[in-house]
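Here is what each chain is made of, one letter per residue.
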Amino acid sequence: MTLSYIIESIISGILLGGIYAILSVGFGLTWGTMKVLNISHSVFAVLGAFVSYWLFVKLKVDPILSLPLIVIILFSSGAIIYKLVIRPVQRAKDVIMASMVATFGVAIVVENVMSYFWRPDPRILKPAYASSSIFLGEISISQGPLIGFIMAICAISLLYWFLNHTYIGKGVQATWQNPIGAALVGINQERVSLITFGLSIASAGAAGVAMALIYAFYPSVQSIWTLFVFLVTIVGGVGSVIGTGLAGLLIGSIIGICAAFLPFVWVNVLLFALLLVILLFKPEGLFGN
Amino acid sequence: MKKGLVLIFIAFVAVLVYSLPLFCQTTKTASGEPIKIGGSLPLTGLASEQAKWVKAGYEYWAEDVNKRGGLLGRPVRLIIYDDESNADKAVTYYERAITVDKVDLVFGGYPGTSNVAIMPLVEKYKKVFIGQGGHGKSFEQGFTYSFGSPPLMGEWSGLSIAGIFDDLIPKKDWPKTAAMLTMNNVIGLAAVPGILKVFESRGVKVVVNETYNLPLSDANPLVSKAKGRGAEFFIVQGFFDDTVMIMRAAKAQRYNPKVIWNILASRIPAWGKELGSDGDYVLANNFFPPGLPYPGNDRIKEGAKIKFGLSEPPDFFAIGYCWMYTLEVGVRGAGSLDDTKIRDYLRSRPLDLPYGKGIKFDSRGLPPPFNYTVQTKDGKNEIVWPKDVATGKFVYPRPAWSSK
Amino acid sequence: MRDKTNGRYMKYGLFLIVMFMLFVFPVLKPPLFFLSLLFTAYMYVALAESWNLMGGYTGYISLGHIAFFSTGAYTTAVFMNRFGVSPFATALLGGFFAAVLAALVGYPVLRLKGAYFTISSLLLAVVMQLIFMNWDFVGSSVGLWYKLLPVSIEINRMIFYEVMLFLATAITLIVRWVEKSKFGAGLIAIREDEDVAKTMGINSPWLKMKAFILGAFFAGVIGGVYGYYIAYVHPEVTFNINTSLLILLMSFFGGCRTWVGPLFGAIVLSLVNQLIVTFIGAEISRILYGMLLVVVIIFMPDGVIHYIRGLFVHRKIRHGDSIL
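Protein chains in written order, with this note's numbering: chain A, 1 to 289; chain B, 1 to 404; chain C, 1 to 324.
What the hints contain is simulated information worked out from the structure, not anything from laboratory work.
Where hints are given, some of them may not hold.
Claimed, not checked - Derived coverage of chain C by chain B (criterion: at least 3 residues anywhere in the stretch with Cβ under 8 Å from a Cβ of chain B; other residues may be distant):
#1 8-21
#2 111-124
#3 236-249
Stated by the list, open to error - In silico lysine to any residue, SDA-like type, Cα no more than 25 Å apart, as pairs:
#4 Lys-11(C) - Val-17(B)
#5 Lys-210(C) - Ile-174(C)
#6 Lys-273(B) - Ser-133(A)
#7 Lys-11(C) - Leu-16(B)
#8 Lys-29(C) - Asp-88(B)
#9 Lys-380(B) - Ala-400(B)
#10 Lys-93(A) - Ile-80(A)
#11 Lys-176(B) - Val-207(B)
#12 Lys-307(B) - Val-113(A)
#13 Lys-273(B) - Lys-377(B)
#14 Lys-126(B) - Lys-29(C)
#15 Lys-113(C) - Ser-76(A)
#16 Lys-60(A) - Gly-379(B)
#17 Lys-113(C) - Ile-242(A)
#18 Lys-258(B) - Pro-293(B)
#19 Lys-113(C) - Phe-281(A)
#20 Lys-29(C) - Glu-232(B)
#21 Lys-176(B) - Pro-193(B)
#22 Lys-182(C) - Lys-210(C)
#23 Lys-137(B) - Lys-182(C)
#24 Lys-137(B) - Phe-83(C)
#25 Lys-147(C) - Asp-362(B)
Stated by the list, open to error - Okay, the calculated beta carbon distance ranges per label pair:
#26 Leu-65(A) - Asn-66(B): 47 to 53 Å
#27 Ile-64(A) - Asn-256(B): 26 to 32 Å
#28 Gly-392(B) - Arg-87(A): 57 to 63 Å
#29 Asp-136(C) - Arg-91(A): 49 to 55 Å
Cβ coordinates follow ideal geometry from the N, Cα and C atoms, glycine included.
Put together the whole structure using the sequences plus the hints.
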């Protein structure tokens, strides 16, 4: 086993991990702050991927350029879902459970609407750069994951900046840390919830584009992506943006290292077992506070 | 009050249970009325893409048969339920078709994991079940009513690879090394021993032999390994998603093996449509490539043109038609809708079917081992082996990745 | 006083009559599909009730219930396949193995709270599925077959119907009994506030463990019978994450704070799914199903049973009756 191969797999894993992180960050945010466990999170990632795909195929808009539009569209969808579904559900005694059932319903509806209009055929987003590599000596780095990774890092940083350095963002944080206090100061809790949920869905949309640069996608793939989301969120600690980012990188490195040294068939077993162990000994997540 | 409520509810359920049969009125089938053929397909969920083509194939066959004057002088009507890609729902819906709708015949299900659970059921109900069946092992369970026509047998993949070596490539140009990536799934794994034997007997060194679990998270290390060890014959035994990932990684890394061979992915219409020229020159084994010179194929081709405006019928459309065609041959031959008679007819003599002539099913319900090899060119699949039915010329070695 | 006793007798009488009606249903020779449909509905009743011991009463939401269910299925499959023992004889053993598994993983997993417990239970199922995928003794990715019962399909379906009816009834009654017992009160106290419960002298780790093991045992027994019904076990069929989700949905749909909720949810959702499947267009029926979940939860965020009870309680107040 050559050294370049080992480095290559670890880099590849890390790039992938960054993309998983952006896929998961919004999920952890609504869960940690609003107590809304949004099972439909990755169905919106798939929706983002589809929008990007259609813009690319029909109008030749590069996925990177269409990203702002996707964020806007998905934010609006998130706001609508919040108004229609999430807000009523927040009245429940057990918001986590009620939101799980309701968003499970949303996931079924959105998945099948997509499948009805766009058929269940698999799609591939392939701008030219997605199928070439940067070669550093012996080591090759695929550009698709690389660009997805950069998108992910930008999106996570933006989200972090928004939550910690803007007036609205601080309001969001204040509300989740101390709802009554925030209300007293005059922060509109409903508006804050709407923004949080919208941002979460928008980040899912951006993640969908990044995922589509590597994976084939179709409406029902959302159930597979949801599993990744759960994993990353739990390692990072629910509700922590930076934690989720780091968790994604960690999981990516584990995949990379396993791929480099082990028969491939054991990669998933080891990954999930490792996560289980992490969870048992550090239940608040590795990077949670 | 609480208890009262509960009991009212339970009583309601009991009444509902007893009235269930009333919801579904069944009529006794008289001659002249349509022949009902029923079952379930995964029309939503993970397996829905192929299943929709299978459904289209079934529906086209029904239309076609009715145009030709029906089956035994009666028109046919399909009853297709959606099992949401869930095996135990599939079982329930087959039972619904058999016992509530009182279908005369059942059609073949999809995919293999559901079929494995349906095969014991149809055996109990004595219903002829013609489809791809489950995997190879499912045909070893002593079932007599299930037929793979054609089946999906990983065990026979070696034939395709042996054919490529022996008939298509001059011995001096044979690839010397091979890499094999296989999904941890019975369809993929079943093929491994046979393929290894073919390689061994032809002096090919297998430098990578990896199994991966689904869903595949990262294809880059796998491809990098194959590239690093200079494998010239590259085998990918996966489903569509993972094969596509591997192809994209191979292109990104500019890994140019002489042959890329896969089992399923390049046969799906999305392959040519979505991958475009990147999907070209890939080889696949196939049990029923469209374009064979056997009965039924011209109608399949016509159907694809009329129904979807496609010059080449999608694989699962063709295969759906082919399963139904086999059933049609059985019904006509037996001259009856009696499943046992149909079964005995199908088993007792050589038959001319869309994927081959003079096919004789063995006691397991399988045709003799066979395989075809197709190569993708301009997004379309051409048969390159066996040579006597070839529709295109074999391109070897595959051209390097275009830079675009 | 006399009225109350009479009322109770009437209720028991009605219960027995209803059970008898369900019991003799197969004798009417309905199309066999209905036996299978009800088998599945009863199975989900039993699963949802057994899940509710943990998920409903203590609020520890497990997505790993299929791990125990599959343990049962694989136990009976292996015993039949390797040693030729009938699954009906080994289903209890399947429950036992599931309980042992629950005891082993319970200790570390039950220390986790809320979402972390949920995810670790999901991971348990995922890891087990992957291990079973790669483990030749249990059939790896090929799966294991059961030998079919040497009886006609009519008798076969009737046997499975009665067995599952019995299991569902027994499990529901046991869960009901637990709910009304001191044990159940302790579990509910844990859901309300685990720390307070501890200070009140409730041994919460031990109670949770008992509920977890009991639920797993039931799931194991059900799994053992289910495997035989479908006649085939495979990691992709038995370890289906969607089954776990469905159990949870059913319990919650009905309302998971009482034993009636899962019973109601499981039956209604099973039957509704059957009724809408005949709609034109597979996607359309799925969309309707999804919308039903959303709408029900929006209007009845604590489950249907809770909502219905609310209606009755309000009416009673209006009539000036005691709420109790």
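Results for each hint:
Coverage of the segment 8-21 of chain C by chain B holds [criterion: at least 3 residues with CB-CB distance below 8 Å; count 5]. Here's how the segment 111-124 of chain C fares: 0 of its residues keep a CB closer than 8 Å to some CB of chain B, so the rule of at least three is not met and the hint is violated. Evaluation of the coverage hint for the segment 236-249 of chain C: fulfilled, as 4 residues show C-beta separations to chain B shorter than 8 Å, against a requirement of three. As the CA atoms of Lys-11(C) and Val-17(B) are separated by approximately 20 Å, the hinted pair is consistent with the 25 Å bound.
Note on Lys-210(C) and Ile-174(C): the hinted pairing holds, with a Cα-Cα distance of about 14 Å set against a maximum of 25 Å. With a CA separation close to 23 Å, the supplied pair Lys-273(B) and Ser-133(A) stays within the 25 Å bound. With a CA separation close to 19 Å, the supplied pair Lys-11(C) and Leu-16(B) stays within the 25 Å bound. A threshold of 25 Å between alpha carbons decides the hint, and for Lys-29(C) with Asp-88(B) the separation of about 23 Å falls inside it, so the pair holds.
For the suggested pair Lys-380(B) and Ala-400(B), the alpha carbons sit about 19 Å apart, so the restraint of at most 25 Å is met. Taking the CA atoms of Lys-93(A) and Ile-80(A), the gap is near 23 Å; set against the 25 Å cutoff, the hint holds. Among the hinted pairs, Lys-176(B) with Val-207(B) is consistent with the structure: their alpha-carbon atoms are about 10 Å apart, no more than 25 Å. For the suggested pair Lys-307(B) and Val-113(A), the alpha carbons sit about 23 Å apart, so the restraint of at most 25 Å is met.
For the hint pairing Lys-273(B) with Lys-377(B), the CA-to-CA distance comes to about 12 Å; that is within 25 Å, so the pair holds. The hinted pair formed by Lys-126(B) and Lys-29(C) meets the criterion: a straight-line CA distance of about 19 Å does not exceed 25 Å. Pair hint Lys-113(C) plus Ser-76(A) does not hold up; C-alpha atoms about 33 Å apart against a cutoff of 25 Å. This hinted pair checks out: Lys-60(A) and Gly-379(B) have alpha carbons roughly 21 Å apart, not beyond 25 Å.
With a C-alpha separation of about 22 Å, the suggested pair Lys-113(C) and Ile-242(A) falls inside the 25 Å cut-off, and the hint holds. For the hint pairing Lys-258(B) with Pro-293(B), the CA-to-CA distance comes to about 30 Å; that exceeds 25 Å, so the pair is violated. Between Lys-113(C) and Phe-281(A) the alpha-carbon distance is near 13 Å, which keeps this suggested pair within the 25 Å criterion. Between Lys-29(C) and Glu-232(B) the CA atoms are separated by roughly 63 Å; this puts the pair beyond 25 Å, and the hint is violated.
This hinted pair checks out: Lys-176(B) and Pro-193(B) have alpha carbons roughly 18 Å apart, not beyond 25 Å. Our distance criterion of 25 Å between C-alpha atoms is met by Lys-182(C) and Lys-210(C), whose separation comes to about 13 Å. As the CA atoms of Lys-137(B) and Lys-182(C) are separated by approximately 52 Å, the hinted pair breaks the 25 Å bound. As the CA atoms of Lys-137(B) and Phe-83(C) are separated by approximately 20 Å, the hinted pair is consistent with the 25 Å bound.
Straight-line distance between C-alpha atoms of Lys-147(C) and Asp-362(B) comes to about 22 Å, which keeps the hinted pair within the 25 Å bound. Checked against the given bound of 47 to 53 Å, the beta carbons of Leu-65(A) and Asn-66(B), roughly 51 Å apart, stay inside it. In this structure the supplied range 26 to 32 Å holds for Ile-64(A) paired with Asn-256(B), their Cβ-Cβ distance being about 28 Å. Distance hint for Gly-392(B) and Arg-87(A): a CB-CB separation of about 60 Å, consistent with the stated range 57 to 63 Å.
Hint check: Asp-136(C) to Arg-91(A), Cβ distance near 52 Å, so the stated range 49 to 55 Å holds.
In summary, the numbered hints that this structure violates are 2, 15, 18, 20 and 23.
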